[in-house]
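Mind docking chains D, U and P on chain Z? Use the hints.
Number of protein chains: 4
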Amino acid sequence: MNIAFIGLGNMGLPMAINLVKAGHAVTGFDLAKSQADALVAAGGKVAASAVAAAAGAEVVITMLPASRHVEAVYLGSSGLIAAASPKTLLIDCSTIAPEVARKVSSISAEHKVAMIDAPVSGGTAGAQGATLTFMVGGKTEHVNRARPLLEKMGKNIFHAGDSGAGQTVKVCNNMLLGILMIGTAEALRLGMANGMDPKVLSEIMSKSSGRNWALELYNPCPGVMENTPASRNYSGGFGVDLMLKDLGLAVENALGVSASVPLGSLARNLYDIHSKQGSGTLDFSSIFKLIAARS
Amino acid sequence: MNIAFIGLGNMGLPMAINLVKAGHAVTGFDLAKSQADALVAAGGKVAASAVAAAAGAEVVITMLPASRHVEAVYLGSSGLIAAASPKTLLIDCSTIAPEVARKVSSISAEHKVAMIDAPVSGGTAGAQGATLTFMVGGKTEHVNRARPLLEKMGKNIFHAGDSGAGQTVKVCNNMLLGILMIGTAEALRLGMANGMDPKVLSEIMSKSSGRNWALELYNPCPGVMENTPASRNYSGGFGVDLMLKDLGLAVENALGVSASVPLGSLARNLYDIHSKQGSGTLDFSSIFKLIAARS
Amino acid sequence: MNIAFIGLGNMGLPMAINLVKAGHAVTGFDLAKSQADALVAAGGKVAASAVAAAAGAEVVITMLPASRHVEAVYLGSSGLIAAASPKTLLIDCSTIAPEVARKVSSISAEHKVAMIDAPVSGGTAGAQGATLTFMVGGKTEHVNRARPLLEKMGKNIFHAGDSGAGQTVKVCNNMLLGILMIGTAEALRLGMANGMDPKVLSEIMSKSSGRNWALELYNPCPGVMENTPASRNYSGGFGVDLMLKDLGLAVENALGVSASVPLGSLARNLYDIHSKQGSGTLDFSSIFKLIAARS
Amino acid sequence: MNIAFIGLGNMGLPMAINLVKAGHAVTGFDLAKSQADALVAAGGKVAASAVAAAAGAEVVITMLPASRHVEAVYLGSSGLIAAASPKTLLIDCSTIAPEVARKVSSISAEHKVAMIDAPVSGGTAGAQGATLTFMVGGKTEHVNRARPLLEKMGKNIFHAGDSGAGQTVKVCNNMLLGILMIGTAEALRLGMANGMDPKVLSEIMSKSSGRNWALELYNPCPGVMENTPASRNYSGGFGVDLMLKDLGLAVENALGVSASVPLGSLARNLYDIHSKQGSGTLDFSSIFKLIAARS
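Protein chains in written order, with the working numbering: chain Z, 14 to 308; chain D, 14 to 308; chain U, 14 to 308; chain P, 14 to 308.
One chain only, chain Z, in its complex shape (with noise of 0.2 Å):
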């Protein structure tokens, strides 16, 4: 199948690779040419422009960093919509703001072109390994369609509901696992000034009613577990600097639907001040050093 991939940064060239390997003809674009010719390397092509790189393209995939980047490749009379042909599928795989994705899939609906958004977890490992998980909005009989795809790039293929749902679960998902792991943090934080061993705290709440997937999987206290950041210094994993976005976005998206989120909008505030204490690029675990010990 021709495929064109829109966005080939630390998420988007490995999965534009996975499709190369899965026999597909993928031609890409982006405005990196090392990111670029990396895609040629693993045998695909590339265009000069993103209308360029769809130009023929069945299925259209993009993975842009945030709502303007996507507004612009895909709105207006030189954007991908305009340019799409009535059989080309449009995945948007970015990370945006549910209200963005609602708008350009209304958009695209008018030009009678199927779009579907399928932002991603599973960070850059995922992407690599064809692990991602896909939360998908969008009609059943596109996001069908898409499943083939989506599946050489992912292991799990959520679909949750029409256009932007995919958009919505991700950034409620993304705002709660934002308030687990700070949580996670206070209560072993917690019981560490009262002289608790922070393991056998982990194992306990584990078994009760404070288990959670921070907890569990990727504990941020060094020694707790191995192989989670916050044994390798706080190192790999999913920035702070993401789990700051999300946020971001779901704090501007309760603004736009009138929502209350209190603790959603705290996290937001101190990985905001964790960030610009330096921690930017650490695990997201490492807000287990804002809330710190008395020394």
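Read the hints as simulated data drawn from the structure, not as lab findings.
Be a bit skeptical, because a hint or two may be false.
Since the list gives no way to pick one copy over another, a pair counts as held whenever it fits inside one copy or between any two copies.
Stated by the list, open to error - Derived SDA-like pairs: lysine to any residue, alpha-carbon spacing no greater than 25 Å straight-line:
id : residue 1 : residue 2
1  : K289      : K302
2  : K258      : A206
3  : K302      : E239
4  : K258      : G269
5  : K116      : R307
6  : K220      : G136
7  : K46       : N157
8  : K289      : D254
9  : K168      : D50
10 : K100      : S62
11 : K116      : R158
12 : K100      : R158
What follows is chains D, U and P alone, placed relative to chain Z:
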């Protein structure tokens, strides 16, 4: 075995009855005569005071409302510690401040009386069904001595560490639980305000990094899960005022040991506001109503 | 002077009437005919559209509900900027996002049309009594040109800086005001829960380091001060939903410029919860009711 | 008049010296010999214990670090209350928990000994310059008896109500002050992130509804005001750890009297984080550094 059981409330009475059922000779005491009568009806005996109940008992179990009651019953020249023989094992199952638990057990140790703290989770249903979880602090030999009795009243027995560690785990776990519940409520409300089906959102987050005990087993949105308090108008379960008490213990403890608990403190204040609006006796998942939708 | 006045709502109408009273020829426009009629009754004229009202006007003043209305009225080929002559001075008195104010005035500058942002505080009473405070952003020469007109509608004219600075000051000030109000409510409730007379407490704090505008001039506790909304069931004054809007602008702005606003964000969420409980039209000092006493 | 002064720290010593200067016979006691020596050098006497200092004194003044010291010095068979004669007036100037103040003065009343609580604000500069503010709780006759002495040490004497009311006002006022300071820091940082001059922003807000003590007299942004701690690297003034102690008292008190203090609790946690990062001895306006700009 001769057992004294002080405090026959909604939790203590069924716990004591489970010990009677297991063949033990249980002498109880409670200020409320009707509660004491219920123990007699179940085959136990009653005494006129805590110390009278404890006379001749090998094990004394207490289940009291708060720190001040534990201090009143255990300490002083007419308290349980002064009255205990060197062979008595004292087991405090109340949920109280870790610092008070450490203080009382330290005084007990000065008197050469064995004592452990063993707060529970699982609510009245767990007390009746003997499926409570015990979080235990104290010396290993004392915990092992208590274990056969605790297993008559509960399912999981966690030895958390030295004296006070049981209370510490309880406080940390329940603070985290309060945060999980509010965070889950916020995430669900945010998704719903974007038009998402809360059932679909819950399913996807339960398989993603937002996964946590409140979301999976105790979903706060009515209709998402059967057999949860949320699906029966927030009746039954673990009450708002009990969660508020536990969050108060956590915040007070954090002040004492100099810990930062920003989300835990905010959770306490939100539950306080919720309680004052008349929801104190509802299940704690009813915080979903405070984190309301725009009507 | 020929003046166009777009947006004749609760604020805009009395402002426009004050300009009529000062001898100016005011042509208004509003989507609501009754509001336009009221201007005519006061000696003004009405036009069929914003652009029609602006035709021939030396100064065009807008008073609109939100950012999107300002963008709709000013921008595009049929907007006020495109229709303006190089001699026109545009004055936007709406309270909107600073980034939108900067964007609109930047487009205006590209068209060589003078524009300033001049949001107000003082409420409907200030608009009627011509005692508004104007916070103005723009070039000094444009601000000086506007000043004589603004003085017909208000008492204090602050030149805050370049374009957008008026909106920035408004957003910062009102975020701080929301924090002052909740903080004052908390301090008074805490004192009262200790048995203090809120009047005595207010008097002492007003002479101490807790002194602030909300405490001294707008006390949220009923009975402490006469002639405050608190002493007339929180009627009149500055509504909860207006404060909620301004806190939303502050939080949104903070996301855009990457600022930490932990108390501001929490204030927004508390006002959001308060509004959803049916208090949207009460005065914003009614947050004292959310920060309730235990009954 | 014969006066005993217990607790000759950074605050107590200059207060005692001011009483010596006013012609009183002051006998002091402090665990630190150097402090006691300094009182002697200034014309006072020292005693070997608190009770020895109080022997024969008409008025006993205490200035101690925390609740537990006050309980230790006043209560018990060897405490000040037991040793006091019915003619003695006890004045506790320490800043402690209102509930402890109420308890101690209640025990004093049982012994028919007059006692008032009279915590101060104004810092070491106020203690040295005799410009302290006293917030006093107790019976009017006792307060009036103390007034001439308090006026030798301070400028403003506020009678807040019955026993404990002095502590209550102190706790409420300082919680509010902590909120004012962080809120002001947030507003200034938000403005600056939008390009505003913090001096202009401060001036306008000081004339608007954002007006408050921290903004006007103690601006946390370096360079905005001369002679503030912010303009001398946050040295001098009221330390972070003192504010943290007072916010801790407020939160603890709120737990005890069942009050909601969401902003107060968040302020406590932000100051706790700030202190743990090594800023404990800086002036409390240095929270402006935690609410940082993106570099």
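Here is what the structure says about each hint:
no., hint, verdict
1, K289 x K302, "both (13 Å within a copy, 10 Å between copies)"
2, K258 x A206, "between (31 Å within a copy, 18 Å between copies)"
3, K302 x E239, "within (18 Å within a copy, 35 Å between copies)"
4, K258 x G269, "both (16 Å within a copy, 11 Å between copies)"
5, K116 x R307, "between (48 Å within a copy, 22 Å between copies)"
6, K220 x G136, "between (27 Å within a copy, 16 Å between copies)"
7, K46 x N157, "neither (33 Å within a copy, 51 Å between copies)"
8, K289 x D254, "both (10 Å within a copy, 23 Å between copies)"
9, K168 x D50, "neither (27 Å within a copy, 60 Å between copies)"
10, K100 x S62, "within (20 Å within a copy, 43 Å between copies)"
11, K116 x R158, "within (22 Å within a copy, 41 Å between copies)"
12, K100 x R158, "within (11 Å within a copy, 58 Å between copies)"
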